[in-house]
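**Q** As a plain string of letters, each chain reads:
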Amino acid sequence: MSHAHHRKKRFKLKSFYIWHRYLGIASAFFLLILSVTGILLNHTESFQLNQKMISSQRILDWYGIKAAEVTAYPVNEQTIAMLDGQLFLDTQKLHGHYDKLLSAVAKDDLRLIITQPDILLITSTGEIVERLKSTTVALHQTSRAGIDSGGHIVIDTPAGLFSPDADFLQWNRWKDPSKEITWALASKPDKTYSQQLQKQYRSNILPLERVILDLHSGRIFGSIGPWVMDAAAVLLILLSLSGLWMWFKRRR
Amino acid sequence: MKKCLTTLHLVSGYLLIALFFSANVSLARGTYQTNDEFLAQSFEQSIPAPKMVWLTGDRKQTVKNILNHDYPNLRIRYWQNAAISAWILDEIGKEHPITVGIVVKDGAIQQIRVLAFRESRGDEIRHAFFTRQFEQLSLTDNDQLNQKIDGISGATLSVRAMQRLATLALFLDSETR
Numbered sequence: 001m002s003h004a005h006h007r008k009k010r011f012k013l014k015s016f017y018i019w020h021r022y023l024g025i026a027s028a029f030f031l032l033i034l035s036v037t038g039i040l041l042n043h044t045e046s047f048q049l050n051q052k053m054i055s056s057q058r059i060l061d062w063y064g065i066k067a068a069e070v071t072a073y074p075v076n077e078q079t080i081a082m083l084d085g086q087l088f089l090d091t092q093k094l095h096g097h098y099d100k101l102l103s104a105v106a107k108d109d110l111r112l113i114i115t116q117p118d119i120l121l122i123t124s125t126g127e128i129v130e131r132l133k134s135t136t137v138a139l140h141q142t143s144r145a146g147i148d149s150g151g152h153i154v155i156d157t158p159a160g161l162f163s164p165d166a167d168f169l170q171w172n173r174w175k176d177p178s179k180e181i182t183w184a185l186a187s188k189p190d191k192t193y194s195q196q197l198q199k200q201y202r203s204n205i206l207p208l209e210r211v212i213l214d215l216h217s218g219r220i221f222g223s224i225g226p227w228v229m230d231a232a233a234v235l236l237i238l239l240s241l242s243g244l245w246m247w248f249k250r251r252r
Numbered sequence: 253m254k255k256c257l258t259t260l261h262l263v264s265g266y267l268l269i270a271l272f273f274s275a276n277v278s279l280a281r282g283t284y285q286t287n288d289e290f291l292a293q294s295f296e297q298s299i300p301a302p303k304m305v306w307l308t309g310d311r312k313q314t315v316k317n318i319l320n321h322d323y324p325n326l327r328i329r330y331w332q333n334a335a336i337s338a339w340i341l342d343e344i345g346k347e348h349p350i351t352v353g354i355v356v357k358d359g360a361i362q363q364i365r366v367l368a369f370r371e372s373r374g375d376e377i378r379h380a381f382f383t384r385q386f387e388q389l390s391l392t393d394n395d396q397l398n399q400k401i402d403g404i405s406g407a408t409l410s411v412r413a414m415q416r417l418a419t420l421a422l423f424l425d426s427e428t429r
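Chains as they are written, first to last, in the working numbering: chain A, 1 to 252; chain B, 253 to 429.
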């Protein structure tokens, strides 16, 4: 083999090595993302990735997660609020999912919350005493609640006005026209409170697992993301092949 | 042409199967008896005034042991006369609460009925062939049902929810007598 041919071969190998190096640098970033996210996804349950929620407002904005308007009823010093089917006593989330918040009133240490489909009786600390049922009154058709001038709770149903007994076990027809009823009215919640509730609500929607999965597939970068990750995968294949090729060439 | 017809037959076959299953899923959900109807049927003469049992202290812990979780309310309403007690209880099968009405007489289940079923499948538990197994069951000293309940394949979670509620009703009845 001539000296010139040998030099040409060495030059070819060297330029291939340079290409290999650039391929390596170009794919390193994606390789890191793919391997780290891959390891994490392999151990989703151990790391509890599906239970950890994203609270970063930037990521939530990126995903287009928005919170609806807050409906609120002030009761004593507290606020009963609803946001996207979730019920809150101040900022404490109450158990269950509800369609609509219709009214809320307070009596001593208890709060009566009229929602669709349930009427809830809760304590001032947010424990649910009972989802009220009645065999005499169609409670689920209650449209509003109020307090009469005697301090008794009154509810408005298509069958008329009713008032509960002391234990909220039975409902009796309210017949006291001399007493004035003050119906609970929704109020525009304080802006800071609304924002706090919306932030809290948004921070409980997107699991970390979803973000890692989207990072792994590239979907987090939109519709072009999977193509970018595909390109990165092709780069990795080329990198492996060029590495193998050079290794064999050098051995010869 | 023949190929086209075969493909058409296959597609229509798949569509029919899909329709059958989607219909089954929607049929599973429903209210089979209202609370009032259940109570009226249980107490032939007149429905007694409701009573309540508070879930506090040891009782709360026993309820938690029976259900494997806390009952979401602080108190449970029930209806009772000298002979029987009636309970309307909710328990989640897989994702949604199943409402079950249970009548207890002399410490044993007299009747158990699924009043409302909200899961997408597993509603076979509402049929008499399944609910009959609970009749005359009582509690052991360990607060468990004294006989094994045969499961239904495809409705395992609903069956378990029903067993938990039957146990809970028997326990609460014993607490109120």
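Any given hint could turn out to be false.
[As the list claims (entries may be wrong)] Calculated lysine to any residue pairs in the SDA-like style (CA-CA distance at most 20 Å, straight line): (1) A:K133 - B:Y323; (2) A:K133 - B:W331; (3) B:K316 - A:N42; (4) A:K188 - A:S178.
Bear in mind the hints are in silico, worked out from the structure with no lab data behind them.
**Q** Need the status of pair K133 of chain A, W331 of chain B: alpha-carbon distance at most 20 Å?
**A** Holds. K133 of chain A to W331 of chain B sits at ~12 Å (cutoff 20 Å).
**Q** Is it true that the CA of K188 of chain A sits at most 20 Å from the CA of S178 of chain A?
**A** With Cα atoms ~31 Å apart, K188 of chain A and S178 of chain A exceed 20 Å; violated.
**Q** Hinted pair, alpha-carbon criterion (20 Å max): K316 of chain B, N42 of chain A. Please report holds or violated.
**A** violated (34 Å)
**Q** Does the alpha-carbon distance linking K133 of chain A and Y323 of chain B stay inside the 20 Å limit?
**A** holds (17 Å)
Violated hints, in rising order: 3 and 4; the structure is consistent with all others.
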